[in-house]
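Asks: Here the sequence shown stands for residues 82 to 449, numbered as in my numbering.
Straight-line C-alpha distance at most 25 Å; calculated DMTMM-like pairs for lysine to aspartate or glutamate:
#1 Lys269 / Glu286
#2 Lys332 / Glu299
#3 Lys251 / Glu354
#4 Lys251 / Glu286
#5 Lys251 / Glu387
#6 Lys332 / Glu354
#7 Lys332 / Glu321
#8 Lys235 / Glu387
#9 Lys235 / Glu384
#10 Lys332 / Asp234
#11 Lys269 / Asp234
#12 Lys235 / Glu354
#13 Lys332 / Glu384
#14 Lys251 / Asp234
#15 Lys332 / Glu317
#16 Lys251 / Glu299
#17 Lys332 / Glu387
#18 Lys251 / Glu384
#19 Lys332 / Glu319
Simulated DEER-style distance windows between Cβ atoms:
#20 Thr353 / Arg424: 50 to 60 Å
#21 Ala283 / Glu425: 36 to 46 Å
#22 Gly245 / Thr347: 43 to 53 Å
#23 Asp142 / Ile247: 50 to 60 Å
#24 Gly383 / Thr353: 17 to 27 Å
#25 Asp431 / Thr385: 42 to 52 Å
#26 Ala355 / Glu162: 39 to 49 Å
#27 Thr294 / Thr241: 18 to 28 Å
#28 Gln209 / Leu405: 19 to 29 Å
#29 Ala231 / Asp426: 44 to 54 Å
#30 Glu425 / Thr385: 44 to 54 Å
Please keep in mind that the hints were generated in silico from the structure rather than gathered at the bench. Heads up, the beta-carbon is just placed ideally off N, CA and C, and yes, glycines get one too.
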Amino acid sequence: MVTVAVLRESMEGERRVALVPESVGRLVRAGATVRVQSGAGAGAHLADSAYADAGAAVMADAAATVEGADAVVKVQRPSPEEAELIPAGAVMISLLPATASAEVVARLTERSVTALALERVPRITRAQAMDVLSSQSTVAGYKAVLLGAAGMDKFLPMLTTAAGSIPPAKAFVIGAGVAGLQAIATAKRLGAQVSAFDIRPAAAEQVQSLGATFVATELLSQEAETQGGYAKAQSEQEQERTLHAIGNHIKGMDLVVTTAQIPGRTAPVLITEAMVRSMRPGSVIVDLAAETGGNCALTRAGETVEAHGVRILGPVNLSASLPLHASQMFSRNVLTLLQHLIREDELRVDPDDDVAGPMLVTGKVAVS
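Can you make the complete structure from the sequences, with help from the hints?
Replies: Put into structure tokens, the structure is as follows:
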């Protein structure tokens, strides 16, 4: 019988939980034992009693929760103190970004804990339902447009009023991945006139299918995309052409949402200070790449910057601002991963597995 422990998030501002009661219930019905730290779901308005009703044992603290556990699940990486509590030989499943997790990874390695990084779920067909980056990007793309709309000095939709007609605002989305496509769809639903830019050929059709205008189709390149579906870093010449196209288009925009990121690298700067200066006063930029450096040269992570009459928002951990639905989506991803790893009452992490292998940060394990 496999024991799964769900820890309460300790990182400031993190309101999500790795498993919601519905997912806990499915694990329990499949024969697993689940322990949940008291208050783990509080940030997402999920009471301890809901976990107890789903069949989990609600524990008073982290130490009691992880004692004897085969798998420990969190949203964010464990703190160094939490890492010391995880039983030797257990499997730790969480977001575990390499640039910020060196100390934690070292401690997990010392304790012979197998660590699986959720941001490293491979982009293959059978792992789609485990892809937390995609599910949480959906949340971020939606919320980015709401933040932008709230920060603007005008309406997004066209309105016909007793005082006359008001034209729709113009929204521009840079990067048409999961977050970008959700931003496009949300801006369209709110009535904006939407355009978008990406360098990947597959993005053009997706953008147009949502009713948005695709900008600079001449810059699309089959070589711009990795096998995993991510954008590649551009050459200096390619980057110059991209900046020229964005600079020409951005001048008339009221709302810009940027989402361009390259895994394992600093986000590309796609909006220069000169471009910001060219924009209409009262315009808003929402930079979803703020945590990895920002797509706008003036972005500051976690802050709102006013420059040249333009408001530049650099939100961090935006998915945590919609904790209930973000947790439900995250939980389904984690549940699917656990179902993949648990076979015949045994939890197995196979380094040769095409799902678990790429996620493996430390160790390897087969425990019952």
